[in-house]
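*Asks:* Protein sequence lines, in the order shown, are assigned to chains A, B, C and D. For the first sequence, this note's numbering begins at 8 and goes up steadily by one. For the second sequence, this note's numbering begins at 8 and goes up steadily by one. For the third sequence, this note's numbering begins at 8 and goes up steadily by one. For the fourth sequence, this note's numbering begins at 8 and goes up steadily by one.
Put simply, identical chains are the same to the list, so a pair is met inside one copy or across any two.
Cross-link-like lysine to any residue pairs, in silico, SDA-like; alpha carbons within 25 Å at most:
| no. | residue 1 | residue 2 |
| --- | --- | --- |
| 1 | Lys45 | Lys65 |
| 2 | Lys339 | Asn302 |
| 3 | Lys65 | Gly132 |
| 4 | Lys65 | Tyr292 |
| 5 | Lys100 | Arg307 |
| 6 | Lys45 | Ile220 |
| 7 | Lys100 | Leu295 |
| 8 | Lys45 | Val210 |
| 9 | Lys65 | Ile91 |
| 10 | Lys100 | Tyr60 |
Don't read these hints as lab results, they were simulated from the structure.
Protein chains: 4
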Amino acid sequence: MTPSQKTPRVPRPIQYSEYLQLDQLLATQTLESARYGKPAHDELLFIITHQAYELWFKQIVFELESVVDIFDNSTVEDREMGQIIGWLTRITKIQTILLQQIDVIETMTPLDFLDFRDLLVPASGFQSIQFKQIEIMLGIRREQRTPADRDFFHSRLSEAEQSQLLALEARPSLLDLTDAWLQRMPFLNFGQFEFWREYETAVELMLESDRNIIALNPALSEEHRAWQLAAIETAKQRFASALEEERYNELRQAGEFRLTHQGFLAALFINLYRDEPMMYLPYRYLTLLLEIDQNFTNWRSRHALMVQRMLGRKIGTGGSSGHEYLSQTTEKNRVFLDLFALSTFLLPRSALPSLPVELSRALGFHFAGNSRATE
Amino acid sequence: MTPSQKTPRVPRPIQYSEYLQLDQLLATQTLESARYGKPAHDELLFIITHQAYELWFKQIVFELESVVDIFDNSTVEDREMGQIIGWLTRITKIQTILLQQIDVIETMTPLDFLDFRDLLVPASGFQSIQFKQIEIMLGIRREQRTPADRDFFHSRLSEAEQSQLLALEARPSLLDLTDAWLQRMPFLNFGQFEFWREYETAVELMLESDRNIIALNPALSEEHRAWQLAAIETAKQRFASALEEERYNELRQAGEFRLTHQGFLAALFINLYRDEPMMYLPYRYLTLLLEIDQNFTNWRSRHALMVQRMLGRKIGTGGSSGHEYLSQTTEKNRVFLDLFALSTFLLPRSALPSLPVELSRALGFHFAGNSRATE
Amino acid sequence: MTPSQKTPRVPRPIQYSEYLQLDQLLATQTLESARYGKPAHDELLFIITHQAYELWFKQIVFELESVVDIFDNSTVEDREMGQIIGWLTRITKIQTILLQQIDVIETMTPLDFLDFRDLLVPASGFQSIQFKQIEIMLGIRREQRTPADRDFFHSRLSEAEQSQLLALEARPSLLDLTDAWLQRMPFLNFGQFEFWREYETAVELMLESDRNIIALNPALSEEHRAWQLAAIETAKQRFASALEEERYNELRQAGEFRLTHQGFLAALFINLYRDEPMMYLPYRYLTLLLEIDQNFTNWRSRHALMVQRMLGRKIGTGGSSGHEYLSQTTEKNRVFLDLFALSTFLLPRSALPSLPVELSRALGFHFAGNSRATE
Amino acid sequence: MTPSQKTPRVPRPIQYSEYLQLDQLLATQTLESARYGKPAHDELLFIITHQAYELWFKQIVFELESVVDIFDNSTVEDREMGQIIGWLTRITKIQTILLQQIDVIETMTPLDFLDFRDLLVPASGFQSIQFKQIEIMLGIRREQRTPADRDFFHSRLSEAEQSQLLALEARPSLLDLTDAWLQRMPFLNFGQFEFWREYETAVELMLESDRNIIALNPALSEEHRAWQLAAIETAKQRFASALEEERYNELRQAGEFRLTHQGFLAALFINLYRDEPMMYLPYRYLTLLLEIDQNFTNWRSRHALMVQRMLGRKIGTGGSSGHEYLSQTTEKNRVFLDLFALSTFLLPRSALPSLPVELSRALGFHFAGNSRATE
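With the rest of the complex left out, here is chain A (with noise of 0.2 Å):
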């Protein structure tokens, strides 16, 4: 008999903590003071922070190169977009802890932090493979970093650790993946449907009324009235700028949109009909990006604040100012903005183009056999 005959395969038992191999996650923890014969009470928690910290960019990671690897094919199937949502939604809840746990840490007074802070140097938080990791394969560039944290990468990390990174840095990003996802959208020129010149119309119309309303409003100063005109006027131009192709691209060059002017549009689209059936999975998607980034970005800042509280203006352990350099990074270190942007561009449903029929029909689910709207 060969063992592929051999059925079923019993699973060998397994016990707990050789499950979770508590023997060795357990002994990870070795104190400095410790070594130095004057054991700090509060470095346990320092460490099992930050590993705990590290455990949780190990799953971010894991669940990053998942949704990765999915679109890296040419075609996301929406079954597997189900799956993704499931996964991102997990990083924002995963998210939670990472902020909660600055309240943890924050039980250690900067006075109990200096029992053993010497002992550290030059070991630095900005050292975290595994965040800058992260970084990269949402789509933070190197060109983009502060000057410190780009130092950062040269100075700090082993060279097996800087090329694993640059390898990183060669590869499509998350938004490299979604903006080329944008494009292979297929509901911008449907058919004869050309929605952009509808949706120029619109804007215009509700552009024009609002200048009405100003005109009319007896409740207006003359100096509000105006500032409010002048208001309609930049929105004009931001709208024009969005649907220019040309226009865009200049601004794009300047470094103020990252997606391609196509996947920029359908971005928009997705948002301006997010209530067709078949635009549900996208919108959470595009939902989600967001809100990864919002939350990175409310725990940089959060964090920063921390580091402020614990060291005030001193030398962080890393030869950093901790807080002026994290205070940097929160605003730097975004990858989402152009979603952020979008809600520059909505219109009130009341003013959207409404869609053709038949693309309407096509935006919905079609169960071909036993039709639901017949029951």
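Using the hints provided, position chains B, C and D relative to the given structure of chain A.
*Replies:* Just chains B, C and D now, with coordinates in the frame of chain A:
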């Protein structure tokens, strides 16, 4: 020129405090302790926390009403399903606030509470009409309530309140409407595909394989082996009772299930094939119902602990022993237990009967025009 | 020159990943499903979440040990009380993480879990030695555990683990040590002041006043009046049982109290006079014990709901019905119920016996030198 | 018989909905969109969330007023300090709610908001008088506000509101009162003990030791060594500027500090010797001020992200670009930065000057009667 010709209609200018009716809102906090000449510092917190609860209850009632209104029609459009999911998600976020507010109320110590609690007799949080409305709209029935809870309806509510709640109880609840919607699901008898016969076979195969694994496992003591084999027999009975309408209905009569047999099977199908795109929204919907139930259960249990901490074994201002009352409702006032029970009947994906191609295609999305699959 | 003369001792430089032993830490996640050739996506989450739990349990064990070490000495300095409060506060913040991690694990659906759960037999979370340590250190006794829970000690732990826990059970728990510390409180028989006689009088006055209020209240139905008067008699019995040592000890024998009578009275005194500066730290300490108990209760109840959602009525991998097991321990495994019961015996501040001036002064802070009062 | 002879005074019976004035409370939600005939589903959420904010603001204003009232007296009793700490802790718990409510409002999507936002012109959340009150009571001064923020005071508030806020600005803020209280601290010139001279020596010793460590460290590159030595010189300057009154006052004039020199030193002393029992309450107090500041900073930053997500680069209903406005106030409107800066000046416990025995004893608790030390 008639008024209707005025185009566009100019919205009246409105200021923040006027819009929110702050003058009235912020005038609704009157301390009983002040009325008796000894203002108690913590009474304001007590009032404001309860008012915040009532504001959020109003929002939850409104969202539930909106959901019920849609389900009350014979057909639920997928487009509407997206909305419903958004509203139910909102309820879960509000429930997070409800839970967190217990942390705020707990900054009042039992001793601080004594400064004014005697003045509140016989007011009681169990008199919250809006909370009873929420319970009834979800599907809590009068007869499942504890005697103390039922009593409250007669003895502590005004006649107008009683009739309002009676009328609400006469309407179909979200549980009823969900059951009806599940029964309308068209998937279960698709063409020649007799799903449940295949499912039964898959279950039998799985249990048989389990029996073999147990029989062959050298690591098991005889006692443990016998125990595990017995567990498999129990599982077998459970599957049988889910599949055979008659046995299911007996159990339902006995109160173990609330969904109809057809509704239960549809919910099970949705859980088994949730990876199919067309199942995405229904699966999200059922999951949200389960989470709302779970969150209220969690809140009741947390609430019971808080009352125990505040009053010990004292009688509450409403004349009931709050802790006991709340502890009992924690398990009693659950609605969607059937959805928790579904997990009992899941099979691993690898053991699932595969769907006929045409059904599988029907469950996928179709884009009639520029097919994504061909991109 | 001998090494010990080298001053200052130069700490070795240390890098982030070396300090946190990331190579080992991040190598402890081995998927059972991969071992059988079918890696299940969600198994990594399952492992990492449980590992994060174990890391935090290690921290909690460490903090509890530090607290116990201090209490094991006959005297606890106020300076140490400040530290203890810091550590217990830390435990409550960690408990927030423990709770939140349930939200993360719930991003795994019951169906995803089925992809690998059969491979984990007979591992079970109830085998967590560290969690049992925490329970024992707090004061959960073998005999109060549910039969299933007790069984686990014999059947599922290794002999080494069993002896380790037995040894721990033989040591005084935090409850025991707190009781001893309370008994040492010097305030209860200060000079000629017989506090408890005065307290008894105050209770009698308060109850008498309550009886009058009830008798005079024209809004009460006769039935309600009778009911309220009966409630006062019950309250009177309760106060009596707290004050009379013999009756208290009978109730304690019957399991209704765990603190000694002397310890209980001291805890009550601290709660009654918590506004006195010297009571500030003791009151904070008792409140934190209560909150830790409350948080674990809350976590067990939340955990039970999660298991019900994941498994329905299926048997857990460890061979027990997880939901039932957990539901039972929710109420069973509580330690500081006496502190919750204290609220039963509080009096409004206005009814509190006033303290003799010298005792009151003794309970205040004294600054011997440049007195603040004279500022 | 006169009314005052009636003993006991019977409290009138009161019911839940009457106590909370639910009829009025729940009548304050009027949808503007309904007024124009097109009720927008999400407007109720918008109103209720903002009303919940205002309820909580009222509570925060009340707690701050209570704190200020106590501090306004020349002496703060330790007994009162305990109360103050309770109230400030409450504020931090409420701030958790404020933060969480952003998650609720974000269940409204940008498109949903467009259904009614045009009707709310020119209402703006920046018109919240209660929030301005909170800012002023904490210590935000008109001149530190951004130009846009200052503008709001003139252009968007009624005259009555403006005078109300002006009057509040004329009163001492919590920062002012805390400074005065710190200056009254009696510890700094205790007897012959000249603390700050000893502190200076300790700082010099510590920096000298640091210099040696750097000089001897073989692992440092020359560049890194130079960089670290320069960092020590910077640290030295910082310590000097904190200790020398004249230099400190220059920096204060330049806006780098807000506390007086004497107040700053007292706060530093409290942080350095927070382990002394008598420092426990003052240390908790200062930490809470810092946390309240941190929480509002965090909330502003989170709020700015939410507005960016909702409006993109659109102009807010109040006529300002919400995101930019909020981003700027995030760093601008901070009050207790000096407390964050304190960490710069901490020394490790091992380097702290030891206190003279009599001072140390004075900082401990004394129990005049039955001393605990002798137990």
